[in-house]
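Start from the sequences and build out the full structure, keeping to the hints where you can.
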Amino acid sequence: MSEKERTAIIRFRDVSKFYGDFQVLKSVDFEAMSGERIVVCGPSGSGKSTLIRCINGLESYEQGEITVDGQRLGKDAAALRKVRNQVGMVFQQFNLFPHLTVLENLTLGPIRARKMSTGEARDIAMRYLERVRIPEQADKYPRQLSGGQQQRVAIARSLCMEPRIMLFDEPTSALDPEMITEVLDVMVELAGTGMTMIVVTHEMGFARKVADRMVFMDHGEIVETAAPGEFFTAPKSQRCRDFLDKILNH
Amino acid sequence: MNRLLLVFLAFALSACSANWGWYVVNPQTKAGWTNLTFLLSGLKYTVLLSLTAILISIALGLLVALPGLSTRPWLRRASRIYVELIRAVPILVMILWVYYGLPQLTGLTIGVFWAGVIALALSDSAFEAEIFRAGIQSIARGQYEAAYSVSLNYIDTMRYVILPQAIRRILPALGNQLAYMLKMSSLVSVIGMQELTRKANELVVTEYRPLEIYTVLVLEYLVLILIVSGGVRWLERRMQTDERS
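Each protein sequence line maps, in turn, to chains X and C.
Counting from 926, one number per residue, gives the positions in the first sequence under this note's numbering.
Counting from 220, one number per residue, gives the positions in the second sequence under this note's numbering.
Think of the hints as simulated: they come from the structure by calculation, not from any bench.
This one's a predicted model, so the numbers in the text were calculated from it and none came from an experiment.
A hint or two may mislead.
[As the list claims (entries may be wrong)] Restraint ranges, calculated between C-beta atoms of paired labels, are given here:
hint, chain 1, residue 1, chain 2, residue 2, range
1, X, K1007, C, V442, 53 to 59 Å
2, X, R1133, C, Y373, 39 to 45 Å
3, C, L390, X, D1048, 55 to 61 Å
C-beta: ideal position from N, C-alpha, C; glycine also.
In structure tokens form, the structure reads like this:
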């Protein structure tokens, strides 16, 4: 237990969040260890996106406590900044900056937030563009790239901040089927580097391959959490069984 | 647009034999040339006044728009009140109030030029604020989230991510405001600003040819505004090719 305490990099304690009367998160307790790869799944509206958006403070919460890398997320702007320096995020809709080139998309954070020189930022950007295998697109604008390429740029943009944790919010849901693999390949490779990853996705093949732990959410609650082997072969709850039946059997 | 101008000129000139007395501004006669240069001598004030006022009003408009988009209700309310209040004052009234009223209130004397600039900038700032608000609101939420997720603070997010995109979208509206400003600057003639309209008024008094002189005045504004719309169109095109090349 004490060892677990020491290495938990993300910790939710009894976290609740409301949209007006609607409760999106219901007393969520959740922990992620440093280097752990967690896949979060569940039906739409189950609160899984909200859960990971709380981790970098894009969503606030009303009850409980969230700590990320020792910083308590709350009203404290300095703590929020420290957390965001450690947490990268990849969005379903990529959210690249359309008025900036690929390279400028990548260097904006390092230059403005990490106070790097243009040259340093450029070096880092090119390194990560090579890692996502599109260095030749550096001077293009996002709209000139395919969806898969845009999402890989978005991953590289987050990596340029050299975060300790990467969050993925349904990174392949807006992609054409033939482009999903190129994005998942990059993510699998990233998982191999020991990065802490929290991934909301319905790509169960990916989950089987890289997840250390599966988290199933429904109606704002974490219903089940298990190692992938156990999760896919012997889910404990009926809700989880129903969900897996729906997404796996076709 | 050049054709429109020619048609208008042809129409005006064809009628000159009957009722028009173009001699007052005929550049081939010495008197006409003097009158014409007198009319045009107001040009630099009209342009200078309008440009100064539009720059100030854009800055002011942005300063008013940003709190209007805040999550804090009292900031939004302050911005709202400013816009409603300023928008309710007719521009001519604003000019009179700033020129005659403000010095009494503050004890400072303001020259005609700066009184005009302040009045026009204030009046226009409410509209600029509304334009900026709409432009900033049209940028998707995801752009803020992406900027915050790479640790940008609010000011950098606005400066490098949101405003560059918003300004591209509101450029035509900003161009409209500049054209509007050029026209509104004619009102500053009432406090004695030596701009285009004032010069025309003065010449009418000595020459008593209002039709010809005011027609020249109309053409002066027309040319200015055509230049503005051409400029805005050029800028829009350039920004588009920027992103496509």
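Next item on the list: May I ask which of the numbered hints given earlier this structure violates, with the numbers listed in increasing order?
Entry: The structure conflicts with hint 3 only, although it agrees with all the remaining ones.
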